[in-house]
Amino acid sequence: MANEVCFRTMHLDEPWTLEAYKSVGGYKVWRDILKNKTPANDIIEQLKTSALRGRGGAGFPTGLKWSFMPRGMPGQKYVVCNSDEGEPGTFKDRDILRFNPHQLIEGMAIGGYVMTATVGYNYMRGEFYEPFARMEQALKEAYDEGLLGKNILDSGIDFDLYNHMGAGAYICGEETALIESLEGKKGQPRFKPPFPANYGVFGRPTNVNNTESYASVPVILQHGGQWFLDLGIPNNGGTKIFSVSGHIKQPGNYEVAMGMPFKDLLQQCGGMRGDKPLKAVIPGGSSSPVLPASVMMDITMDYDAIGKAGSMVGSGAVMVIEEGTCMVELAARTAHFYYEESCGQCTPCREGTGWMSRVLHRILDGEGKIEDLDNLQDIADNIMGRTICALGDAAAMPMGGFLKHYKHEFEHMIRTGRRWVDDQQNAA
Amino acid sequence: MGTVTIEIDGVSLEAETGSMIIEIADDAGMHIPRFCYHKKLSVAANCRMCLVDVSNSPKAVPACATPVADGMKVLTNSTKARIAQKSVMEFLLINHPLDCPICDQGGECELQDVALGFGNDVSRFTEGKRVVQDKNIGPLIETDMTRCIHCTRCVRFGTEVVGMREMGATGRGEHMEIGTYIEKSIESEVSGNIIDLCPVGALTAKPSRYKARAWEMQSTAGVSPHDCLGTNIEIHHRRGEVIRVVPRENEKINEVWISDRDRFSYQSVTDSERLTQPKIKKDGQWQTCDWETALTHVCDQLNNIKQSEGVENIGALISPSATLEEMYLTQKLMRGLGSHNIDHRLRQVDFSSQFEAPMFPGMEFDIDALEDMDATLLIDADLRREQPLLALRLRKSTRHGRVMSVHSGEVENNFKVSPNVSVPASDLLAQLQGIVAALIEQHKEVSAELTELFVDIKPTPDQQTIASELRINDNACLLVGQSALEHSKSSHIRWLAKTISDLSGCAFGELTAGANTAGGYIAGALPHRLSAAEESNICGWNTQQMLQKGLSAYLLMNTEPELDSSYRDAARVSLLKSKFVVMMTPFAKGEFLDYADVLLPIAGFTETSGTFINVCGEWQSFTAAVKAKGEARPAWKVLRVLGNLLELDGFDYVSSQEINAAVKERFESTTDARVGHFQRPDSLESGGEKPRPLSMYDMDSLTRRSLCLQMSVQGQDNWRRDQIEHLVASQSLPETESPDSLINLSASSAESETASLQESSDA
Ligand SMILES: Cc1cc2nc3c(=O)[nH]c(=O)nc-3n(C[C@H](O)[C@H](O)[C@H](O)COP(=O)(O)O)c2cc1C
Ligand code: SF4
Ligand code: FES
Chain L
1 MANEVCFRTM
11 HLDEPWTLEA
21 YKSVGGYKVW
31 RDILKNKTPA
41 NDIIEQLKTS
51 ALRGRGGAGF
61 PTGLKWSFMP
71 RGMPGQKYVV
81 CNSDEGEPGT
91 FKDRDILRFN
101 PHQLIEGMAI
111 GGYVMTATVG
121 YNYMRGEFYE
131 PFARMEQALK
141 EAYDEGLLGK
151 NILDSGIDFD
161 LYNHMGAGAY
171 ICGEETALIE
181 SLEGKKGQPR
191 FKPPFPANYG
201 VFGRPTNVNN
211 TESYASVPVI
221 LQHGGQWFLD
231 LGIPNNGGTK
241 IFSVSGHIKQ
251 PGNYEVAMGM
261 PFKDLLQQCG
271 GMRGDKPLKA
281 VIPGGSSSPV
291 LPASVMMDIT
301 MDYDAIGKAG
311 SMVGSGAVMV
321 IEEGTCMVEL
331 AARTAHFYYE
341 ESCGQCTPCR
351 EGTGWMSRVL
361 HRILDGEGKI
371 EDLDNLQDIA
381 DNIMGRTICA
391 LGDAAAMPMG
401 GFLKHYKHEF
411 EHMIRTGRRW
421 VDDQQNAA
Chain C
1 MGTVTIEIDG
11 VSLEAETGSM
21 IIEIADDAGM
31 HIPRFCYHKK
41 LSVAANCRMC
51 LVDVSNSPKA
61 VPACATPVAD
71 GMKVLTNSTK
81 ARIAQKSVME
91 FLLINHPLDC
101 PICDQGGECE
111 LQDVALGFGN
121 DVSRFTEGKR
131 VVQDKNIGPL
141 IETDMTRCIH
151 CTRCVRFGTE
161 VVGMREMGAT
171 GRGEHMEIGT
181 YIEKSIESEV
191 SGNIIDLCPV
201 GALTAKPSRY
211 KARAWEMQST
221 AGVSPHDCLG
231 TNIEIHHRRG
241 EVIRVVPREN
251 EKINEVWISD
261 RDRFSYQSVT
271 DSERLTQPKI
281 KKDGQWQTCD
291 WETALTHVCD
301 QLNNIKQSEG
311 VENIGALISP
321 SATLEEMYLT
331 QKLMRGLGSH
341 NIDHRLRQVD
351 FSSQFEAPMF
361 PGMEFDIDAL
371 EDMDATLLID
381 ADLRREQPLL
391 ALRLRKSTRH
401 GRVMSVHSGE
411 VENNFKVSPN
421 VSVPASDLLA
431 QLQGIVAALI
441 EQHKEVSAEL
451 TELFVDIKPT
461 PDQQTIASEL
471 RINDNACLLV
481 GQSALEHSKS
491 SHIRWLAKTI
501 SDLSGCAFGE
511 LTAGANTAGG
521 YIAGALPHRL
531 SAAEESNICG
541 WNTQQMLQKG
551 LSAYLLMNTE
561 PELDSSYRDA
571 ARVSLLKSKF
581 VVMMTPFAKG
591 EFLDYADVLL
601 PIAGFTETSG
611 TFINVCGEWQ
621 SFTAAVKAKG
631 EARPAWKVLR
641 VLGNLLELDG
651 FDYVSSQEIN
661 AAVKERFEST
671 TDARVGHFQR
681 PDSLESGGEK
691 PRPLSMYDMD
701 SLTRRSLCLQ
711 MSVQGQDNWR
721 RDQIEHLVAS
731 QSLPETESPD
741 SLINLSASSA
751 ESETASLQES
761 SDA
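The listed protein sequences correspond, in order, to chains L and C. The first sequence begins at 1 in the numbering used here and counts up by one. The second sequence begins at 1 in the numbering used here and counts up by one.
Everything labelled a hint here was simulated from the structure, so no lab data went into it. Be aware that a few hints might be false.
Said to hold, decoys possible - In silico BS3-like pairs for lysine-lysine, Cα to Cα no more than 30 Å straight-line:
(1) C:396 with L:186
(2) C:252 with C:281
(3) C:135 with L:185
(4) L:185 with C:396
(5) C:549 with C:577
Unchecked claim - If you want the footprint, here are the derived chain C segments under chain L, 3+ residues with CB under 8 Å:
(6) 43–56
(7) 489–501
Said to hold, decoys possible - Short derived list, chain L residues pointing at chain C, Cβ under 7 Å:
(8) 192
(9) 195
(10) 198
(11) 202
(12) 345
(13) 351
All C-beta atoms, glycine included, are put in the ideal place defined by N, C-alpha and C.
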């Protein structure tokens with residue numbers, strides 16, 4: 001059971017073309033909607049049944065989110081696709097854009113229809129040059145085919161879609177910063193509420209979903225919500241693309257059923273590089289807390305199981321870490337990322353990320369003090385939940401994971417100035 | 001909007017739905033710490049200092065951005081709230097330099113205050129602190145950007161209140177810096193407000209930097225002398241020296257803002273060369289003398305000229321920013337002598353309808369009503385230059401309403417104007433006539449005479465739009481600008497404006513020169529009317545006649561006509577040619593040194609009590625903040641002594657309040673009946689011209705002498721720079737006061753004042 005949803009064209013030659021997409025049943029759902037004017041509520045019900053949860057990181061149920069849009073409200077509304085894909089370790093949206101762009105287009109068009117939004121924007125990160133070109137090509141094909149534009153196929157339904165390229169800032173993946181950036185402003189998150197559903201692009205109601213979320217919709221509607229749900233396990237419907245990276249033999253994107261045991265996924269990836277033992281896994285992108293091998297080897301890959309173990313599915317970026325990796329260095333590298341990417345708007349994140357990063361680098365430099373560890377936890381706790389957007393949380397959460405499971409490595413370095421992993425190896 | 005009931009720290013409070021927790025707490029006098037929140041700015045919610053504990057929320061929430069809900073229970077002081085607040089405080093302080101001992105904000109710093117309550121005495125932060133390069137943003141504002149806490153109040157002020165994005169945030173994260181991007185001077189005419197807004201010492205006032213500590217200063221309420229709004233200010237002084245001027249909140253007039261000239265013009269009285277002793281010119285040489293000698297000389301000369309040339313050859317010109325009391329006594333002195341040559345309308349050119357003018361020109365609606373206007377027509381008004389704070393008010397109306405303008409010359413507004421009709425001064429009348437014609441077309445009942453008068457005028461689409469906007473909207477007004485009254489056909493303009501207002505039903509307003517044109521009218525500082533618009537059987541000469549035809553003797557009450565009037569060349573010729581010029585001025589430098597014969601040192605605007613009547617007819621009295629320099633005296637006292645020496649009746653006032661009361665009594669017993677209305681002319685006029693409007697910092701003798709204003713971008717752009725440059729002292733020496741003058745300064749009643757004048761002359 002692989003590559004059934006977002007990657008369903010993957011086995012074809014030039015899977016990104018309209019022809020390839022049509023050959024797997026692409027745009028059938030859209031044409032059907034245009035013809036039959038399927039009631040929006042029916043579509044939302046299917047999505048709810050499917051238990052599709054947002055693939056951007058927060059895992060918010062997509063059907064529910066769509067139902068929040070004030071559909072009856074007059075005036076312009078927007079659907080926006082978040083293809084910023086900035087979370088370190090994540091590279092799944094890129095492959096959807098490169099290999100199955102039409103499915104995203106169809107998903108967004110359906111979203112536009114359901115939420116009575118006649119304009120869509122697909123916001124891609126600044127580095128996505130190739131995906132952008134593919135999307136542009138696909139958009140042209142879709143327009144030429146008459147599947148987008150005004151009064152599409154004489155249905156009286158309008159939907160225009162635009163590709164937009166950002167300038168490469170992690171924060172622009174946060175939905176309200178993305179909206180600001182889309183409006184041509186500095187990418188800084190807005191305070192919520194109001195949520196985008198009430199006050200989004202240009203102050204109009206806007207729905208923001210991740211690329212994978214939108215791209216899942218046509219397949220769900222084609223086969224029914226129940227079919228999708230059944231692909232996975234209860235409450236964790238369907239498949240999910242995991243971007244697996246790190247110390248494994250075959251890094252890459254794996255679209256697999258939710259609830260697959262981690263060890264099976266590891267198997268699919270060819271196992272550990274050099275057959276070294278597994279030390280730990282960061283299961284959902286750099287902002288999710290690290291989990292030790294012992295925990296990982298026992299759990300399944302789904303929201304509930306990973307959540308119970310103390311981490312998150314997040315964006316689905318699975319980073320596999322082998323024995324011998326220094327967790328202090330990993331923590332410092334992670335902290336540095338958030339320090340660099342904080343937008344600087346609100347105090348705890350602006351000041352706290354820099355503080356954490358500096359303390360960790362000082363420890364690496366052999367200048368650590370034992371009280372630094374309590375302070376690090378405290379700084380993380382003080383950022384957590386006190387910021388405008390979740391970047392602060394994203395910076396704070398991993399800290400807890402590192403300190404919870406690998407405190408001894410930090411203490412060792414503070415005391416001796418050496419890496420715990422080196423001394424372990426030498427002792428062995 | 002309905003109301004809900006919420007509870008803050010156990011106190012039950014009524015709250016309007018949609019309002020934020022912090023507003024309700026503020027109204028109830030309960031303090032929640034904050035930095036980014038400001039009641040006049042949008043909510044940014046970025047500092048996180050205001051985190052409070054709200055029922056049902058697992059996280060602490062920002063009080064400035066959390067709307068109230070019925071039954072909501074807020075705890076500002078629970079453990080959860082305290083921990084959140086303390087943690088934010090710690091974050092704010094880690095990279096702050098904590099250089100309070102050398103920071104100008106020390107003692108009045110919001111960060112310092114809040115840190116006292118929420119900070120720790122020892123820091124856990126042992127890393128290197130962030131340092132930010134300072135920016136030079138001009139002569140008014142000093143920056144120390146390492147102290148910035150990124151609250152963005154200064155940024156939001158520019159974007160939201162002024163409509164000029166001068167300050168901005170560049171860079172991300174810890175590298176975010178507040179500044180002007182490319183290092184450049186701030187240009188806005190209200191820029192100084194960011195000094196008050198900045199909660200820390202990142203933005204401080206350059207001219208008063210390091211001059212005094214907040215706790216050393218005393219504060220005296222004042223009224224700004226620069227424009228007709230009557231902006232409320234607070235004058236801060238220490239040991240008799242004015243240190244700075246800051247806003248005094250008055251929601252009806254200036255809200256919490258003041259313009260840069262309101263803020264910095266005090267420099268003219270503190271730093272420019274002041275006249276500290278009376279002087280008499282003898283054989284072309286200026287000689288210092290005592291008051292008695294000077295005033296006796298003035299009396300003798302005035303009496304001589306009255307004898308030899310006739311009293312009609314004596315006249316007085318008064319600054320439109322003189323106080324009501326000064327205006328009243330000056331005209332009383334002149335009329336006492338027998339002359340009606342009195343005027344304060346220095347920039348006016350067309351006096352043909354002066355008998356039809358109202359009791360005083362002004363706005364027939366409140367200043368704060370402007371922000372609710374759905375349609376506003378500006379007639380030759382350049383608000384940013386003339387009444388900067390009015391521009392901020394009107395800008396607010398453009399969120400929902402429409403501003404339209406018909407003007408001559410270059411006008412740059414900081415809000416959207418449409419239609420925005422710019423024409424040569426000679427076409428202004430035709431434009432307004434077009435609007436009247438459009439209104440006549442749109443109107444049902446217009447008198448036959450009026451219709452007949454406009455029968456040949458074909459309105460343009462813009463004129464049609466303006467007419468219908470003013471007519472359709474209930475909340476509509478028009479404002480005749482200050483410079484419209486400098487037009488050579490201003491009488492016709494005023495009649496047209498009034499007609500537009502009558503036909504469209506929109507409210508009418510005229511903006512006037514100086515701080516006290518209304519006071520000038522009411523005090524009777526006019527050649528054709530006595531105080532409180534009482535009819536005069538003699539009509540004296542107006543400014544134009546006095547300066548163009550020439551007089552033998554002039555009394556100049558705090559005005560330099562060659563710069564203040566519209567008649568520079570004529571003024572210079574007439575003043576030089578005349579036999580005797582008495583100059584009452586606080587300043588030692590000016591072209592008057594050439595033409596005056598006696599210099600009488602008077603108090604500067606921070607040194608005298610008095611009253612300004614603003615454009616809405618609001619009487620605002622103030623007291624002296626500090627004592628006048630050297631031998632200088634409040635002008636009303638000088639005029640009083642002069643009146644007595646001239647043996648005129650009714651100069652026995654012991655205080656400025658007494659003078660004020662006298663005018664007020666006359667004013668209140670007046671009925672409108674005594675005041676005329678603009679008459680319909682027999683035919684329509686056309687053409688006309690307007691003198692080039694004065695630059696923003698060349699409008700009065702104070703702005704001309706304020707060094708920092710002259711150094712600012714606007715000041716550098718003064719088009720008469722060459723004429724006023726020499727007035728600014730680059731560096732003035734501190735005054736040394738003689739013991740004698742100290743005795744005089746304590747004198748207060750009329751008797752002792754005269755006596756003290758004599759005493760010091762005896763000595
Ligand atoms: C700092 C930050 C970065 C984010 N980056 C991304 C991103 O790159 N892509 C994405 O889809 N969502 C990202 N998100 C999540 C979005 O804010 C938003 O929740 C998501 O786009 C919603 O789509 P979904 O409901 O389909 O998951 C980010 C959130 C934060 C706080
Ligand atoms: S300069 Fe002052 S007002 Fe501006 S952001 Fe910094 S602290 Fe706030
Ligand atoms: S005052 Fe509320 S976040 Fe700054």
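Check the hint pairing residue 252 of chain C with residue 281 of chain C against an upper bound of 30 Å on the C-alpha distance. 47 Å, violated
Quick one, are residue 135 of chain C and residue 185 of chain L close enough, alpha carbons at most 30 Å? 24 Å, holds
Given the hint that residue 185 of chain L pairs with residue 396 of chain C, test it: the Cα-Cα distance must not exceed 30 Å. With a Cα-Cα distance of about 23 Å, the restraint between residue 185 of chain L and residue 396 of chain C holds, given a limit of 30 Å.
Quick one: see if chain L covers the stretch 489–501 of chain C, three-plus residues with Cβ-Cβ under 8 Å. violated (count 0)
Hold the hint about residue 198 of chain L up to the distance rule: shortest CB distance to chain C must be less than 7 Å. Violated - the Cβ of residue 198 of chain L stays beyond 7 Å from chain C, reaching only about 13 Å at its closest.
Next item in the hint list is residue 351 of chain L. Is there a CB on chain C closer than 7 Å to its CB? Holds, because the Cβ-Cβ distance from residue 351 of chain L to chain C comes to roughly 4 Å (cut-off 7 Å).
Using a Cβ cutoff of 8 Å, are there at least 3 residues of the stretch 43–56 of chain C near chain L, or does the coverage claim fail? holds (count 8)
With a cut-off of 7 Å on the beta carbons, see whether residue 202 of chain L makes it to chain C. 16 Å, violated
Per-residue hint verdict: residue 195 of chain L, partner chain C, C-beta under 7 Å: 13 Å, violated
Take a quick look at whether residue 396 of chain C and residue 186 of chain L sit within 30 Å of each other, Cα to Cα. 25 Å, holds
Under the criterion of a CB-CB separation shorter than 7 Å, is residue 192 of chain L in contact with chain C as hinted? It is violated, given that the least Cβ distance between residue 192 of chain L and chain C is near 9 Å, above 7 Å.
Restraint check, 7 Å cut-off on beta carbons, for residue 345 of chain L near chain C: Where the cut-off is 7 Å and the nearest Cβ of chain C is about 5 Å from residue 345 of chain L, the hint holds.
Checked against the numbered hints above, the structure violates hints 2, 7, 8, 9, 10 and 11; every other hint is satisfied.
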